[in-house]
Structure formats: structure tokens, C-alpha cells
Amino acid sequence: MATLKERLDSELKDAMRAKDELKLSVLRMLKSAVKYKEVEGEAKVLDDSGVMTIVGTLIKQRRDSAAQFKEANRLDLAEKEEKEIVVLQTYLPTQLTSDQLTEAVKACILESGAKTIKELGMAMKIASAKLKGQAEGKAISEEVKAQLSRMA
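As numbered in our numbering, residues 421 to 572 make up the sequence shown, in order.
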């Protein structure tokens, strides 16, 4: 199976051939962000996990931008950001449904041994590692807090 970076290169070429401007611009942006992280960071070559982290960051940025554009009544720009999110999400594993997230967080809390909201860090450490790329950090955090609050 090809790595995410190899898939990115291949799909970039395909987008060029197909003259798909949206996908081409998004893939160039993603490739640039990956290259920047490799040059900036300690790791000279990012693995799939590192690339997924970058994709998650770019999706979060796009969501924030889309929300701001909607507030400013710039629906055309908000729509463009949302289309970019759709392209970026193809580089992440399938996202968990809310029921799946609830069950996964329950298992992580049991594994961590956390019993109260004060032990949030213990549960979050395990949940973040296990659910990376399958759900947004904010969603994971909210679910862990909600479940620990009910336990107290």
C-alpha cells in the first residue's frame, strides 16, 4: 500500500492532467505544508501519521475560515473553503460517528483508569493517541469531559 505522500504525489499529477483546479490547489497547499513541516521540524521525512496531523490542521483552518466568511456574509468564499475540506478529508481515515466515538471514548477511559474530571489528562492522552485522525480533537475532548462528568 502506498504511503500518503506517494498517494498525494500521484493524485497531484492526476489533478494536473484532469485540469481540476480546486483539487490541484488543495493538493499543492497540502504538499507545501508537508514539505514545510519536514524542513522546519526534527523529522526529515514525515510518516502517514505526521501527514494526517497536517491534514487535520488544514481542515480546522478551513472550518474556522468558513465560519468567519459566513459571519461576514461572504458565502462564495465560505463555499470554497468547504469544498477544500471535502478534498482534504479524503486523506484521513473514515471519521467515527457520534455513537462510535462514545464507545471508543468509554474504552479509553476504562483503559486509563480515570474516575473523575480531575483525571481528564490521563484519559485524553490515551483517547487522542487511539482516535487520531478518526475524530477531531475538540470532539474527543468534549466527549471525554462529558463522560467523566457523569462518572463523578
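One or more hints might be untrue.
Stated by the list, open to error - Capping the alpha-carbon separation at 27 Å, the derived lysine-lysine pairs in BS3-like fashion look like this:
#, residue 1, residue 2
1, Lys-558, Lys-490
2, Lys-480, Lys-503
3, Lys-545, Lys-535
4, Lys-455, Lys-490
5, Lys-490, Lys-433
Since the hints were made in silico from the structure, they are not lab data.
So, going through the hints one by one against the coordinates:
| no. | hint | result |
| --- | --- | --- |
| 1 | Lys-558 <-> Lys-490 | holds (21 Å) |
| 2 | Lys-480 <-> Lys-503 | holds (13 Å) |
| 3 | Lys-545 <-> Lys-535 | holds (15 Å) |
| 4 | Lys-455 <-> Lys-490 | violated (31 Å) |
| 5 | Lys-490 <-> Lys-433 | violated (33 Å) |
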